[in-house]
Structures are given as C-alpha cells and as structure tokens.
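Chemist: Sequence:
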Amino acid sequence: MTERLPADHHARTQAVDPTRSFIVQAPAGSGKTSLLTDRIVALLARVERPEQIVAMTFTRKAAGEMHNRVLEKLQLALDDHPPDALNERQGWLLARAALEQDRRMGWNLLEQPSRLRIQTIDSFCASLVKSMPWFSALGGMPSISEDPQELYRKAASGVLSMAGQDLAVDRLLQHLDVDVPAAIDGIAFMLAQRDQWLPLIGHIYAEDALDRLEGYLRETLEKELGELVQAMPAGWQHQLAEPARMAAATLAEKVPEPGDKREIVALLDWEAGSLTDDPDQLPQWIGLAQLLLTSSGGPRARLTKSEGCDRNTAHKDTLSQWLSAWDAKEAPRWCRQLHAVRSMPQPHFTPGQGGILAAQARVLMLAVAQLQLEFTARAEVDFIEVAQRATQALGHADDPSDLLLRLDQQISHLLVDEFQDTSKAQLDLLETLISGWQPGDDRTLFIVGDPMQSIYRFRKAEVGLFLQVRDLGIGEVDLACLQLTENFRSSGSIVQWVNEVFSRVLPDEDSDEMGAIRYSPSVAWHPPSGKPAVSWHLQGDDEAIEQEVLELARSAWETHAESDKPVAILVKARSHLGRVTLALRKAGLPTRAIDLEPLGDRPVVMDLVALARAMVHTADRASWIAVLRAPWCGLTLSSLHALLWKRPRHTVVQVLADWIRDETFQKRMEPQQRQRLRVVAPVLLDALHDDGHQPFAARLESLWMTLGGPGLVSDASDLEDAQAVFNLMDGLAEHSHLDMDRLQKHLGKLFATPVATSDRAIEIMTMHKAKGLEFEEVILMGLERSPRNDQAPLVRIEQVGSRVLFGPVKASAQQEQDPIAQYLGKREAVRQDFETDRLLYVAATRARQALHLVARISIDSKSGGIRKVSEKSLLGKLWGFCPQAIQDEAVERLRGQSETGDASSSGPGWRAPAMIRRASLPERLETHKVLAQHESYGFAAWPAQDSPDRLIGTLLHAWFARFSGVSSPELPGPGQVMTQLARLGMPVALREKAAQQVISGLEAMVSSERGKWLLSQPQARVEWSLVDHDEVVSVLDLAIDQGSHWLVVDYKTSSRHPDETEDMFKERMMVRYRPQMLRYVDQLRAFDGRDAKAALYFPVDDLWVEMSF
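Under our numbering, the first residue of the sequence shown is numbered 13, with each subsequent residue one higher.
Treat the hints as calculated values from the structure; they're not laboratory data.
Where is the CB? At the ideal position from N, CA and C, for every residue including glycine.
A hint or two may mislead.
Distance windows between CB atoms, simulated [claimed, not checked]:
{"no.": "1", "residue 1": "Ala1001", "residue 2": "Gly542", "range": "20 to 30 Å"}
{"no.": "2", "residue 1": "His1069", "residue 2": "Pro660", "range": "38 to 48 Å"}
{"no.": "3", "residue 1": "Lys73", "residue 2": "Leu179", "range": "43 to 53 Å"}
{"no.": "4", "residue 1": "Leu697", "residue 2": "Leu762", "range": "27 to 37 Å"}
{"no.": "5", "residue 1": "Leu105", "residue 2": "Lys73", "range": "43 to 53 Å"}
{"no.": "6", "residue 1": "Asp189", "residue 2": "Gln896", "range": "48 to 58 Å"}
{"no.": "7", "residue 1": "Arg905", "residue 2": "Lys838", "range": "33 to 43 Å"}
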C-alpha cells in the first residue's frame, strides 16, 4: 500500500536541499520547526565545523526548542532501524548522514551540544559586542537594563532642563503649553523606538527638507489616489460627473444651512475623465466622498437637499439609481478607499508645521545624547543600543570591519526563524552579514515565517519586510520561494472553517506598504471530525460568560484526560479575563495563568507591600490598618474602630504604643481580638528599630517570618511570589532605604507564579502568548471587547521604501491633531487593524479538535434584536459567520432571562464600584458600624436608603463616567444592569422597569449629538472632586476646559410632569438646582481664576438647560 504524502511534499523535499537558499512561507500547523531542524541536520552533513551554521530566532524558548529537536533527531538516528512513518523517515536519513560527518570530523555533538549555534537575535548581537568591544564603542558588554523606561524618562527630564538655554526645547514646551509631564512621556515614548526613527531624522535637517518631505507626501497621496481610481466602478466618471455638477451648483446657489455638505461645491468644474490621482484634486475627491458616502463610509441610501439633491430633480434620480446598485451593509472596496480620502491632508507643509518639526527633531537628538549619558552613568543599556552597536561593530559592505570579515569566513549557512516578525534594524543586520556573499560560493540563506502570523508590530515587527524579501530577494543571494500548505495540527473540520472564514477576514491583496496579508489556504492532513468543531456561545452578562467558560473547560478537561494540553482559554488582553481564573480554581480545576495575574494583585504580595509601606512610612495610616487587618493579625473592622476612632490625629504607631500600656484602652476590644494584638503589636513596634546592619529586604523578610507569614499562604506559588517581592526589594533598596513608588512601578510589570498542581492544567493566556502552542480545545473569550486607542507619539514617522513621512504632535491648545499626523495615524490604525485580523487567525489555529467562540451580547431595547456589534472588535470580524439560528436562540434565551429576572441575582452585600458618587454615604461612624455588621461577607455593604429614581440616577452617572472618552462605548445588557441595581439595593419588583430606564438613558446619551459631544470632549474632567474654603466637597459630573472659561455640566434624570410644558420644566429645574450649580461655578472660579458657565443636561429627553447667575 502506497503511503500518503503531504500535498506540499515537493516543497518540503526542496527545502532540505543544502545547496540552495529559500524563503519558506509556513502557515499554522505546517510543521515549520520540524522543517527547520531537518534543514540544520542536512547542513551538518556538509560543513567542516558545526559553528559554520548559525540559526537565529526571536525568543529563548523557540531557540531552546529548536536546539532540543536537533539533538533528538541525532539521538534517534543512532538506532539502525528507520521509523515507520514516512514523514519521520526523511529526518532520520538526514540525521544518519549528519552523525557520519560528526564521527568523521570528531565533533561529538551529542556530548558537546553547545557547538550548535542556535540562538536569539538579541544574544547574537550581544556576542558581537562582547567579541569586539572597541568597534562597538561600549568597551565590553554592559548589563541590560531591566527597566529602560526609567532611563528614557531621566533622559527626557534632562533635555527639558535645558529650557531657557535651547530654543528648540523652548519651542516644544511652548507648543505643548508647558505640559512637562506630557513632554516627558512623549520623549520617553520616542526613545523606546529610536531604532526606527534615528536613521531617518536627518531628513528634517537637510537644506531642502520641506521640499523633500512635501515630495514624499505627494507620492504617498498620489499612490493612494491611484489605487482609488483603479478601485472605482467602470464608467463611474461618465455616469456621475454631470449629476454631481448639478448637485454642486444647487449647493453653490443656495444660502448655506446647517448640515449642508459644502465640500460638494468643489465638483462644479468636474468633467468626465478629469478626476485623477493628482493630490491637488483632493478637494474634488473629498466633495465626491461627501456626495456619495455616509459619514461612516457606506453608500448613501438616500440623497437630500444637504447634498444638493432637492426633490424631483433629474440629477438626484440619476445619483440615487447609481448608488442603489451597492449594498449599504457591506461597503465595497471603492467605498472604503473613497472614505479614506476624507482624512487626507493637503500635499504641503505650512511654515508652522516645518518649524515645530525642526524643533522636535532637535529635541529628540538631544534626548538620544542625554540617553547615552544615562547609559554611561548607570553602566546599563537597552536591547536597542546593543543591536545598534552590533551593527556599528560590523561596518558595512563598502567598508567592512575586521569583525565582519571574520564572520564572513566563519558563517557558511544562516537560518532565520519567524521572519515575519523582523524589524528594519534586524533586516539591516542580516543584509550586512551576507553582504560579502556571492552566487556560487556554497553559502546558503534559509528564511522561514508566516506573514499571516505576524502579530508583534508593538515590538517593531514589520510584516511588509517579509513580502519585500519574498518578492525582491536580499543582497546577492538567489532566494527561491516555497509555500507550505499541509496542516498537521487541526482536524479537517477546523481547517475547513478557518479556510472559509479567514479568506474573507484577511484582505484580498498583499501590501507591504500597509502591512496587508492575504490568506493562503491550508490542506488538512487529518480528516473531518464528523461533528461541529467550531461552536458559538453567546451570553448576556459576565457571570453567564464565566459559567459558560467553566463548563466548556471542565468538559474539555474530562474529555481529553490523556492529553497534556487538554484546553486553553485565550483572551486578547489580560483585562478581558474577568473572574474566570477564580471560578476555575473554586471548581477544583488545575489552572496555569501565563503572565496574566499581576504580581501585585496576589493577596500575599498586597500584604507584604502594606507591611513594607508601614515600615518605611510610620505615619501611613492606611498601610498600618492593612497590616492589622492582614492574616497575621486579623483585627476585625469593629476592633480597628475601637482602636483608632478617637485618635484621628495620632499615628497608628503611637496608638499601638499607648494601647500596650493602657489596660482600660485594651478592654474596648473583644478578648480574642485583644490577644491577637498583644502578640502582634510588640513585634511590629520592635521591627521599627533599625540598627542599619541589615538590608531592608532582609529586615522585612525576617519580620514576615516572625509574624508567621509562610504558614498563612494557600499554596507553594504564594511562597514563590513572596520571594519574588523580596528579590525585587533587594535590588531596589539602597541598603535600608526603599523607594515605594519605584517598588510599585516595578511590581506592575511582574506577574504572579502560575498556580498548577501538576504539569497538566487548564492554561490561560493572551493570544500573543499562545503563538507556537497547540491544544486539544481552545476557548476564545472577550471577543466583544473593542481595542483601546494607541498613544500618539511625539512625532509620527512612517517609512515606505525610500519615502519618509513626518507628522508633528498637535499643540496642547488645539482640539484637532495636525492634519498630516492625523493622516499618518489613520494609516497606522489600518495596519493595526490588519494585525488584529492576524491575531485572530493565530488564536483560532491553536485548536486541534474543537474551537469555542464565547462572547457577550446585549439586546437592543428598541428593535428587540441583538445590539450592533463593534466592527473593531474580534467579534465584529467574525460576526458575519455566526449562524442566524444561534443568534435567534440567544435572543430568545436572553429575553426569557430578562422576563424571569434570572440575570438579576444578588448576594447579601456588594462591592462599591469606584465610580459611585459618595454624596449619599452616611456619616463615618455609622459607616463603620455597617461595615462591621457585614464583615462575614468579606466586603463592604452600604445601606440602600435612596429612592428608585435616585438609584437609577446613580447608576446612570456611573455609566456616563465610564463612557467618557470612549469612541464606541458598549452598552450593558438588561441582565448586567439588573445585577447592578440589585447591588444598589433596588427592590426585586422594581428592577426590570428600572433597568429599562437605565438602558434607555444610556441609549439616548450615546445616540444624541449633544450626548456624543459631551462624551467625546478631550479637555474634560469627569467625576471631579473640588473642595471649597469651607471644606465642602463637590463632585462635578463633567467640567470642560474651553480655554477662556470652564463649562460645568450636571447630568439629570428628572422628567416632565404630564401637564408640564418644556419651558415650565426648565424653569422648575433652574430654580431647583441653582444653588448647587452656583456652588460648582464658584469652586471652579476659585480653582484657577477663570470664569465658569453651567448647564444641566437631561439625556433621556435630550434637553439642555443653561444656567444664568
């Protein structure tokens, strides 16, 4: 019987030919690592020394796995009997030949595996610096900084200290309205990616800089417009020119009205065939976009007088008929490209733009110089510096250094893994290494990667470089392209689904400029499973999601009892996980959360940090209370109240010292509590006596041990976390001094030790972390979450081939970004969106047998259907593939839950959300009594003494605060709102109606123009607490900085009486809230001396009431 061969067998056979160079595109599950190691083994049979082969990858884990695989193949080849499987036999034959060469040359690789040069690119660069300290200019290999951000910020501060001495620094600070923290953040952000812009910044210093930059800008705009011309439907100019002119003429003749699309007037002179890729015609293109497209970029369903199309006009009928041919729900490619024209800048720089760009460039160069001083002072560098000095040590092809000449003799074969994640600096390094290679000199380059899995743009990876090398080659190397197609990982059913879905999710064409990668279909090695391998799970609130994920994970755990990788739960971001990890642990299921749980969130670490704060700052009352509440003492809230309430001006240390001496004072506590404190208090007070002989970390660890800390942890991972904290403190503390702010900042970058009782566990990680892994079943959750907006850099920089584009940062006083920077930002957003598509592909292809898609949806109270899914979310990208039957079932189920109140379960108490306003809380003493009564629940339970209307208003205010600054806020579902109302104390009988009122208020807020304007204000402060001279605290719903004055807005949920006119209602509200708003205005005026205006906004009725005083 003939053995089955993979569909790409010929390509795999070619790939191990040691005489040729290849770039291999290897999609998920295609056995890339196996192919790479086969190639290394094949090369070993031909070289005189194993060091002639250098394999580079991007992570230590990948390098270690490749190293082990090579050794395993060599070990297996010691067996004289070939393996039965045909796909393993090729590797065995290659390894046999390698072992023969090993014996002949006396390498003894199995005894000396370190002779295999398989390493990360970073370690390769470090080895270059170590070998040639003089050429690298680093004088040897300095240590790598664990926190380069601190160095970047110090360098930024150093540059800004030159204010008054350097005109460029003065100009930048003036441009930023002397916002020094923002300037430090911006400069530090740029230093962290200086390898991208440092080689390009010279373009700004050239004598003809602005002319050249304008030329690059025109080229870019011309290219985009040219693609638009190609994308427009056949005959479009001849069909649209005349009716468009008529619409433009109509608008030009009429008196301008609000809402008119005046940009259309630019089409007055449009002749068929005259609209081209000339950037000077941008006004006409923008006018055409305004005429044909909605504000969201879809074809207009109807034309109005705002577009110059009055009723019963011939040109309106012609345009409407042309537009009716296009589906408004799925905008065609020409719509998307025409919509992009709206964000294009004019093809020239203003003098102001040129001036601030020059100032920013000089400040950045000064920052780089300042960073070098910081490197020298700290004897530390970052990875960027190592890579740059390594390249510097090599020289270049025209002027090679001795190191490059030596490497040219040493390296005969280069292999690069994960090439889709290469940065421009790394590609430059590779080009330098092979710059001396010539055709026919028996040296080879082998590059492997999958552009569909390029997901590290935030680490400077440029997927377009893979396309450029694939299509154009690199250096003088004859690089043939191979495409693998066989998927050995997933079942046929999953491969079929992935092929169907991602051929439509990923773009239609490759673009190295925009980072677009089209889909390459795979061929399944395994047959279909016979049952649906991809399932949808739609729920209405977080609790239901957690329960759904728990059941899916439990089922996979039990089903795949023999697998060491039974199931993984993947999320796009750590914050999307919710309480799933806790739910799994409570259910007794072993979990391993990979870099998900911040170290500072672990209880043992929180207790240690509180203990450290108490030791460093004896007057830190909050930390001392936390220490007394911690497990080693365990004082109840009532005991703390008895201990401290009469001594608000004393430190806890003073109170403890008095308590120990005063028996009457002690008797205020229960006997058991007294006994606890009698034991712990002397230990804590004694620990404050520092003789200076012990480092701080050692003192704290000794105190923790004395208090019995190790015996109070729940598992061994807690001990590892505690040790990690002590190690961190030891590195940060200057003998006995510890900077708590630095400690907190470093803690934020560390993650807790994964908790797992065995090697086999339910693994929980981000989608990025899952790359390269595989599991029997995969659960994707948090799909409905929208991505957060990226931080805008100090200078937008884009390089495409020889073109370099710069966009300056916006001035602080301006509402809008610089048009060129905004344009470059939107182009970057397109690239990020393409990468998000690829991240989803990576996540989906981790599954062997089953893929579960879990998402939260909500019901639209008006339509009764599922509320529109955000197109930017992962769910939005997959939503078109969710079967209608599943959507219908989810709608019926969620409606049923809402009617029966199943989603409104409530516990005996609630954890107060941070956004809830404090104005309704009782007095401090009463609050402590309430806290003590509810202590058994482990969290605070505030009494609900407010009316239903007030509770509805409280919740609406909380949601408005959450929505502020969010471009596309996700509305909560009825179940979630009912749960929140229950926690606020809303009676069961009133919850459903109240939830509908909350949702209606939220929908009104986000749909009205006024509401959207209020939520989108960049210069706004939300839930802002101000204190006047009488120490009266006011919490302002919204305060907007409008330059010359403040505008304070208070949200109200009141409604008109049945017989009340709008004017009567406004008058009543002004009288009712005048004292409150006058207090707000007075506090704002006292805040910075500027005038303040006030208004009430009633979102349910979209009613705006301006106050006058």
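Chemist: Give a verdict on every hint.
Modeler: Checked hints:
1. In this structure the hint that Ala1001 and Gly542 lie 20 to 30 Å apart at CB is violated, the actual value being about 50 Å.
2. In this structure, His1069 and Pro660 meet the distance hint of 38 to 48 Å, their C-beta atoms being roughly 46 Å apart.
3. For the pair Lys73 and Leu179, the beta carbons lie near 49 Å from each other, so the given range of 43 to 53 Å is met.
4. Checked against the given bound of 27 to 37 Å, the beta carbons of Leu697 and Leu762, roughly 31 Å apart, stay inside it.
5. The hint said 43 to 53 Å for the Cβ distance between Leu105 and Lys73, and at roughly 29 Å that hint is violated.
6. Checked against the hint of 48 to 58 Å, the pair Asp189 and Gln896 passes, with Cβ atoms roughly 53 Å apart.
7. For Arg905 and Lys838, the hinted distance range of 33 to 43 Å is satisfied, since their beta carbons lie about 39 Å from each other.
Checked against the numbered hints given earlier, the structure breaks hints 1 and 5 and satisfies all the rest.
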